[in-house]
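Participant: The primary structure of each chain is shown beneath.
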Amino acid sequence: VNADATGSLITRHAPIDRVFHWVTAVAVLLLTGSAFLPILGLKFSWVPLHWITGVVLTLAVAFHTVRSTFFRRLRCMLIWPRHLREFMQGRKAAKYTLPQKLMHAVLGFSVLVVTVTGVIMLAKVDTPLWKRDPYLLEQSTWGIVYVLHGASALLILTLSLLHIYFSLLPEKRAYLRAMISGQMTREEAAEFHDPQRWSGQRKDDPHENNR
Amino acid sequence: MEIFRITRNAWGQETLEGMSWDLLPVAFGVGVAFIVLHLVWRALRKRRRSPPAS
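Each protein sequence line maps, in turn, to chains A and B. So the mapping is simple: our numbering equals the position in the first sequence, first residue as 1, plus 139. So the mapping is simple: our numbering equals the position in the second sequence, first residue as 1, plus 693.
None of these hints come from the bench; they were simulated from the model. Idealized CB from N, CA, C, for every residue including glycine. Incorrect hints may appear among the rest.
As the list claims (entries may be wrong) - Examples of chain A residues lying across from chain B (beta carbon under 7 Å, computed): (1) 154; (2) 178; (3) 181; (4) 290; (5) 297.
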């Protein structure tokens, strides 16, 4: 982005958050591909790719959960009834718009479910690090784990399609650029965000309004 | 269309195996349908907002 041509730049995403996002994105694409392509008839040795990528996703999710819970403003991602009222009134958002928060909430929850169940399912895989133990749970409990894993994976497939689609829309392209470079212009931010509630300078943002 | 994959053993006992993969095209289709509907809504909104040609 040329700052002189398009206005002053503000930081939307820290480098560590961008690394997390793209690691998660690549992991989710590899996991959905290695899970669903064999079902569609493309035969390959998908298990090693799936469990190794799953472990990478688990580590990334654990890191993000700890960081966002204890070291960032977790509440800026929470959704309250007033956010719906503000959205319906056309009021500009703080750092995240209501649709962005909803996508984060549903996709984040699905990824948490698929990750937790995936970690449990690692007990059924022989790896250089551990031996499989298929009797860890009763058969009926395994069934519930598989249902939760499959249902959340299907939801992630749908939401990933929507997430990629919205990121490619011309009017939302600034968000995609910000997820790559970390920055967007003040003019781009002002289209959907209230500068009084989100300035791009964390220390300057009002604590109570930045939600 | 099945929602769950369920197997039955030699004694007739049913075992839950997971979600049915019949739902895979459904999950994909819901995503594509939403995208198409959003594109149509977006085009209609753009047309309403654009000033009439004089």
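Participant: Evaluate each hint against the coordinates.
Facilitator: Results for each hint:
1. The beta carbon of residue 154 (chain A) comes no nearer than 30 Å to any beta carbon in chain B, farther than 7 Å, and the hint placing it at the interface is violated.
2. Hint on residue 178 (chain A) holds. Least Cβ distance to chain B is approximately 5 Å, under the 7 Å limit.
3. Interface hint at residue 181 (chain A): violated, since its Cβ lies 13 Å from the closest Cβ of chain B, which is beyond the 7 Å cut-off.
4. Hint status for residue 290 (chain A): holds, given a least beta-carbon distance of 5 Å to chain B, under 7 Å.
5. Given hint, residue 297 (chain A) at the interface with chain B, holds; its Cβ is 4 Å from that chain's nearest Cβ, closer than 7 Å.
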